[in-house]
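Chemist: Start from the sequences and build out the full structure, keeping to the hints where you can.
Chains Z and E, in that order, are what the protein sequence lines are.
Under the numbering used here, the first residue of the first sequence is numbered 19, with each subsequent residue one higher.
Under the numbering used here, the first residue of the second sequence is numbered 32, with each subsequent residue one higher.
Incorrect hints may have been included.
Here's a subset of chain E near chain Z, in silico, CB distances under 8 angstroms, partners left out [what the hints assert, rightly or not]:
#, residue
1, L36
2, T37
3, I41
4, I43
5, V46
6, A49
7, I80
8, A91
9, I92
10, R135
11, V191
Each pair of labels, with its calculated beta carbon distance range [said to hold, decoys possible]:
#, chain 1, residue 1, chain 2, residue 2, range
12, E, E171, Z, L274, 56 to 62 angstroms
13, Z, G214, E, V163, 43 to 49 angstroms
14, E, R165, Z, Q33, 32 to 38 angstroms
15, Z, F40, E, P113, 30 to 36 angstroms
16, E, P113, Z, P174, 18 to 24 angstroms
17, Z, T64, E, L118, 19 to 25 angstroms
18, Z, P234, E, K200, 40 to 46 angstroms
The set of hints was computed from the structure by calculation and includes no laboratory data.
Ideal placement from N, C-alpha and C gives every residue a C-beta, glycine not left out.
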Amino acid sequence: MASEFELSRNITIGQYVPTGSFIHRLDPRIKLLVFTILVLAIALNTSYVGNALGLLLSIYLFWVSKIPVSYGLSGIKPAIPFIIILAVLQLIFQGNVFSGGTVFFEYGFILITSESIRLVIVSAVRFVEIILLSSVLTLSTSTTELTHAIQSLLSPLKKIKFPVHEISLIITIAIRFVPTFAIEMEKMMKAQASRGADFGSGEWWRIIQRTKDMLPIIIPLFNIALSRAEDLILAMESRCYTPGNERSAYSVYKALVGDYIVLIIGLLLSLLLLFYPFPY
Amino acid sequence: MKGTLTVRNIVIAGVLGAVAILLGVTRLGYIPVPTAAGNATIMHIPAIIGGIMQGPIVGAIVGIIFGVSSFLNATVPLFKDPLVAILPRLFIGVVAWVVYVGIRRKSEYLAIGTAAFLGTLANTVLVLTMAVVRGYMGAEVAWTVALTSGIPEAIVGTIVTLAVVLSWKQIGKGKKSRISED
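Modeler: Here you go:
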């Protein structure tokens, strides 16, 4: 029962684990670029072998960064029942949409083909891979580094008057506040439960009931978020933050040879995942 | 100052984006409805609230954050297509803002409720249109999804948006910063 309220422990986005490994010391710009390309490549790969490769790669990256894999896996735990339900539904209903391949089972509207089985397995594995990869990135990069990286990767857009600095600040605020709100939400769930509110115990098919149960958490969540926003606005304005001003950075990043090698390896791996015709 | 990125717009867009990500990561933002699209969602609500409170730009930015996080979290191939997952989400906040500004003169309550309802519909209709255009589902399937997940989404969206925006307008009036006018 108590584990239902442990949201913050299961959210790895926005946390930072300093181990000083090779991945931690990479140039954040190159790290962000490589991870983005890898995630996109995995998102578009539909073969069994390709996704197995992706899974191995993401576990290997955890090992290199000296972060326990359990950190990444804890992000997946709350989603497991959900993945299973979704997989079953997909298996039953998507057969007609992805009707290619061998037909294994057909009864009424239920149609299970090798293609729909591939869809179910690959999308579950892919979900795990993407969670793991994005956890390695956020666990090994502090939010400041991430902001600098986003800002310098988007900087070519400055030429067309795109507000690069402001957008990267928005993204940083968003990532920074995810764990904070998770803790707040945990507190709220406990507070509501101690007053006799009931969540999570209803059966999953009672959709209306479960949605109603969520309202006493979601509405205060928004209110807390907005009052935090007011505090942050006040804090920024009292320090004379002016959007659109030219500003310099405290630390300037310089990519080294090792960074470029990582970039090349990452690009090659992504090209392999994207274009190599895997047999299965 | 509705159009430009003031401190207020930047912070509110960031914070609402964080709520959208959190709802996605904890799976609280999904209403499990057994349809071809997987499930109904309430993660578009931050985009609507952003649009109503701070104008179209904030609405669109929160929409993009929601789109990207749904693209990364997606388990169905439908939302693994950036054209389905990200592009239609841009318009949620914009539609909500246009509707809100249009009706606001008549009644504040009506304006917020209608904006939330139509913003949700914009999400449902645009996503499903893109899904049909890109060939992920047939038109009949799209209609059933629109009815089974679109309607609960619109109802929940309207309730939550009304509650949040109204309480935000009432409570803490004196606490807000006066430098950046809203």
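Chemist: Evaluate each hint against the coordinates.
Modeler: Verification of the hints:
1. Taking 8 angstroms as the C-beta cut-off, the interface hint given for E/L36 holds, the closest approach to chain Z being about 4 angstroms.
2. Because the closest C-beta pair between E/T37 and chain Z is about 6 angstroms apart, less than 8 angstroms, the hint holds.
3. The restraint placing E/I41 at the interface with chain Z holds, with a minimum CB-CB distance near 6 angstroms, inside the 8 angstroms limit.
4. Interface restraint check: E/I43 against chain Z, minimum CB-CB distance 5 angstroms, threshold 8 angstroms, status holds.
5. Because the closest C-beta pair between E/V46 and chain Z is about 4 angstroms apart, less than 8 angstroms, the hint holds.
6. Restraint check, E/A49 versus chain Z: the minimum CB separation of about 4 angstroms is within 8 angstroms; hint holds.
7. Given the 8 angstroms rule on beta carbons, the hint for E/I80 holds: about 7 angstroms separates it from the nearest Cβ of chain Z.
8. Annotation: interface hint on E/A91 violated; nearest CB of chain Z at approximately 11 angstroms, more than 8 angstroms.
9. At about 6 angstroms, the closest approach between the beta carbon of E/I92 and any beta carbon in chain Z falls short of 8 angstroms, and the interface hint on this residue holds.
10. A least Cβ separation of about 19 angstroms between E/R135 and chain Z goes past the 8 angstroms threshold, and the interface hint is therefore violated.
11. Given hint, E/V191 at the interface with chain Z, holds; its Cβ is 6 angstroms from that chain's nearest Cβ, closer than 8 angstroms.
12. Restraint check, E/E171 to Z/L274: a C-beta distance of roughly 57 angstroms satisfies the suggested window 56 to 62 angstroms.
13. A beta carbon spacing of about 45 angstroms between Z/G214 and E/V163 agrees with the range 43 to 49 angstroms that was offered as a hint.
14. For E/R165 paired with Z/Q33, a C-beta distance near 36 angstroms keeps the hint of 32 to 38 angstroms intact.
15. In this structure the supplied range 30 to 36 angstroms holds for Z/F40 paired with E/P113, their Cβ-Cβ distance being about 31 angstroms.
16. Taking the beta carbon of each, E/P113 and Z/P174 are about 20 angstroms apart, inside 18 to 24 angstroms as hinted.
17. Evaluation of the 19 to 25 angstroms hint for Z/T64 and E/L118 yields a pass: the beta carbon distance comes to about 22 angstroms.
18. For Z/P234 paired with E/K200, a C-beta distance near 20 angstroms fails the hint of 40 to 46 angstroms.
The structure fails to meet hints 8, 10 and 18 from the earlier list, while all remaining hints are met.
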